[in-house]
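2 protein chains.
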Amino acid sequence: MNANETPLLQQTAALLTEYLDECQQTDRSISEYHSAAELSEILALNLPEDACDEAQILDDIRQFLQYSVRTSHPHFMKQLYAGSTAAAIAGDWVSSVTNTAAHTFQVAPVATLMEQQLIDGLNQLLGFDDGDGIMASGGSNANLLGLLCGLHRRWPEIKTQGYRGQQPILYVSDQCHYSYEKAVFTLGIGTDNMRRVPSDESFRMCPVALKQLIAADIADGKQPFLIGATAGTTVAGAFDPIDQLADIAQEFGLWLHVDAAWGGPAAFSHEHKALMQGVERADSVTWDAHKFMSIPLICSAVLLREKGILESACSGGGASYLFHADENADYNFGQKSLQCGRRVDSLKFWLDWRSKGTAGYRDQINHSMQLAQYCCEFIKQHPQMELLVEPDYLNLFFRYTPSTGYSEGQLAELNLAILDEMKKAGSFYVDYSTLREQFGIRLVISNNKLEQRHLDDLLAEIIRIGEQLSR
Amino acid sequence: MNANETPLLQQTAALLTEYLDECQQTDRSISEYHSAAELSEILALNLPEDACDEAQILDDIRQFLQYSVRTSHPHFMKQLYAGSTAAAIAGDWVSSVTNTAAHTFQVAPVATLMEQQLIDGLNQLLGFDDGDGIMASGGSNANLLGLLCGLHRRWPEIKTQGYRGQQPILYVSDQCHYSYEKAVFTLGIGTDNMRRVPSDESFRMCPVALKQLIAADIADGKQPFLIGATAGTTVAGAFDPIDQLADIAQEFGLWLHVDAAWGGPAAFSHEHKALMQGVERADSVTWDAHKFMSIPLICSAVLLREKGILESACSGGGASYLFHADENADYNFGQKSLQCGRRVDSLKFWLDWRSKGTAGYRDQINHSMQLAQYCCEFIKQHPQMELLVEPDYLNLFFRYTPSTGYSEGQLAELNLAILDEMKKAGSFYVDYSTLREQFGIRLVISNNKLEQRHLDDLLAEIIRIGEQLSR
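These protein sequence lines are chains A and B, in that order. With positions in the first sequence counted from 1, the corresponding number in my numbering is that position plus 10. With positions in the second sequence counted from 1, the corresponding number in my numbering is that position plus 10.
Treat the hints as calculated values from the structure; they're not laboratory data. One should not assume that every hint holds.
A pair holds if it fits inside one copy or across any two, identical chains being indistinguishable in the list.
[As the list claims (entries may be wrong)] Cross-link-like lysine to any residue pairs, in silico, SDA-like; alpha carbons within 25 Å at most:
#, residue 1, residue 2
1, K433, A335
2, K221, D466
3, K283, Q134
4, K232, G175
5, K232, Q177
6, K283, G131
7, K390, L57
8, K390, L426
9, K221, D467
10, K232, T170
11, K317, A46
These figures come from a predicted structure and were not determined experimentally.
Hey, can you work out the whole structure from these sequences and the hints?
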């Protein structure tokens, strides 16, 4: 960095700490909403022939901050990620500056050892005593890696030969995240070969239905190879019954992958880890530290119960120019990844874990579960609120219901209008979905800045707008 | 952010600007080398039960900086990435703090429009007048996306049905990056079905050999579907003859993908863009802005000549809870990606482009090409230096050769010892490889902090150590 470049970074840091402080002021809006068409008119985004000066770059940054969505505002409860944490941001800033690729030990010595520490720490949490793993480019990528390992264990020859008449079949619940679908078509399995097992009234994969489907596929000459469970579904927050699925996986010799991108942190809590009972019997698990744990995106990992298969499935090439056979060869984690260049995502997570301690994560999940229960009770008791899903975890799925006699379509329209008004005011960002033909508001308790008073304000605002619109 | 958290960020910023300044002091070492085993002993990396205080977190950061490799030190010439740029770092810091997922317009409004601007800007550079594209999780991922699109155009039914007896064959040069191999086994094509076409004496894919292989495969009942070219190979820096490959692709109806992760920036230069002649006829191109352009990792994109196929190949699911059919639906870029959560990689690149201008990138590639030519001439003229590859681009592949009578094995040992001594002193980080049975030093001109005097110092040091070791 030339000496004249550092002032830009210092001024950026000042803008950003100010921004983060402002994000905590709940009387400020989350975002100034404009449609894509409008925003394209407002912003000057051209890539110029000649250089802009530093003042312009700082103005560009201010403009970005002005029109962006304040995801660490306590009223941002729209996505599975939210909030922020200083130690993790600091770590991410260090990663930007020290800019290296976590593919070989030689260029990423400390980051490599930190990544191993994190993989070990997460594996310990899951009960993988001699596990393996690698940080991934997202939860979707981690799911793909789990599926690739399962496929590779069953048919190692596909790696070299391609498919030669195998008929691989896998099973997910009808509530699973769409990344399963993406992994399945990316790997060449074909989405027709992914069975969506019906979920029960609590949105958990139904083991009886699963067994029936497996038996039918076997009778049909197909080759079941994997169960893709979910710990914490996207909309309902449901946990598939992992222990029972592990029994079935064992019975039929299937790989058991668990997408715990959202629900994984339950493992930190003595009170709530039963949600993932049996996870120590899974073959692979997806973990997203950028969701509930509030680490800046991306911070994901795939974890494996046994060593070896990950590298066997993922390694290939690069020996002559990158993965040298030197004293540190065992620490060249690029061999276990589908990426070549890998940003250092370990440091931010490692620093955050250090700054909170395992106890801090435990407190955070327990506190959030209490907030979810608080919300749940409020909704149940309020005559104009309808709880659509009894929550097991941190997702509240409900709606405003002014009186009887509203059709499903009218309720959807009304609740969408409530959310839209809050979005346009920038007061609360909450998402919506449809579950079993019912439209509902999906409130996610993920933001680590969230306190009970913010939820009181949100619920009051939903009721206020609901009353106004249905008057 | 609570008010008591911002001091950590301010202090981190101060440490980092100081660090960046120090990186420019060439009398300081690039890194304090320790093997993985040694470093594990030195560092305290445990994840504690209880929280560490802020002073400890800052010490942790100092420790990370102390033992990491200073990739923006002008003497770091080991990888295809190096150097740093203040505007891009500032942008990356903003991404960490504003922390959002670039999957939907609603949570990433400005970033989405910036990404489109960058895709358009790169497409214009390539001559894709009505192109498409998406930022990817790395060059490897971008290559995979190119291959997936090529596969999907030929056999759209694989997405749903999986492989049903297709015999897809693709062609890469024997010099291509290993990410082609990883993409091929990930997609279920099988590495046996990737033909490594011999390269000519300049390490460029040989079109005659390619045509022969295609003809033989067709005669054998196989189904050629894609040519995977490389613009800027990893070791030699060679450019496959894209125009000729485009002719062959056209003749046989094949998809033409170009991995321009390393060589792409030649397109900025009026003098050197001929290296990629014909690239406007490619179907898809991989671009890595985190390599020559010095944007912090990861900053990659896949670019497509035609609209539509990318979304057709990659979309699937998420409609009920993420990709809402609202007024901004066309701007939900997650539909064109295999990722769900996507870090905002656009801002850092966009700010850097603004801060340098297109002219700045043009100057940088021209200047670097001059430095490479300077090195090349020096090596050719020095009696104890042997140039192993006549460079087309920014890679110098050469070795120290004390006198005749050294066997290949002795030369490899000597040159490895030279590099090892520099690594252990922390004076210069340069990599090595073997090309057609010849061991060589691979010097990469990528670092945007590099000046001629640094190269003079490097070459003098290689000669000094070489003389000493061969005395």
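Here is how each hint holds up against the structure:
Only between protomers do K433 and A335 lie at most 25 Å apart by alpha-carbon distance; the minimum there is 16 Å, versus 55 Å within a single protomer. Within a single copy, K221 and D466 get their C-alpha atoms no closer than 44 Å, and across copies no closer than 70 Å, so neither meets the 25 Å cut-off. For the homomeric pair K283 and Q134, the shortest alpha-carbon distance inside one copy (13 Å) is at most 25 Å, but the shortest distance between copies (53 Å) is not. Taking the closest pair of Cα atoms, K232 and G175 come within 25 Å of each other both inside a single copy (10 Å) and across two copies (16 Å).
For the homomeric pair K232 and Q177, the shortest alpha-carbon distances inside one copy (5 Å) and between copies (21 Å) are both at most 25 Å. When the C-alpha separation of K283 and G131 is checked against a cutoff of 25 Å, the pair qualifies only within one copy, where the shortest distance is 16 Å, while the shortest distance between copies is 49 Å. When the C-alpha separation of K390 and L57 is checked against a cutoff of 25 Å, the pair qualifies neither within a copy, at 53 Å, nor between copies, at 40 Å. For a Cα distance limit of 25 Å, the shortest separation of K390 from L426 inside one copy, 20 Å, qualifies, whereas the shortest one across copies, 71 Å, does not.
In this assembly of identical chains, K221 and D467 lie within 25 Å of each other by CA distance neither inside one copy nor across copies; the values are 46 Å within and 69 Å between. Taking CA atoms no more than 25 Å apart as the test, K232 paired with T170 passes in both settings, with 22 Å inside one copy and 16 Å between copies. Proximity of K317 and A46 under a CA criterion of 25 Å is satisfied inter-copy only: 19 Å between copies versus 47 Å inside one chain copy.
Consistency note: the structure conflicts with the earlier hints numbered 2, 7, 9.
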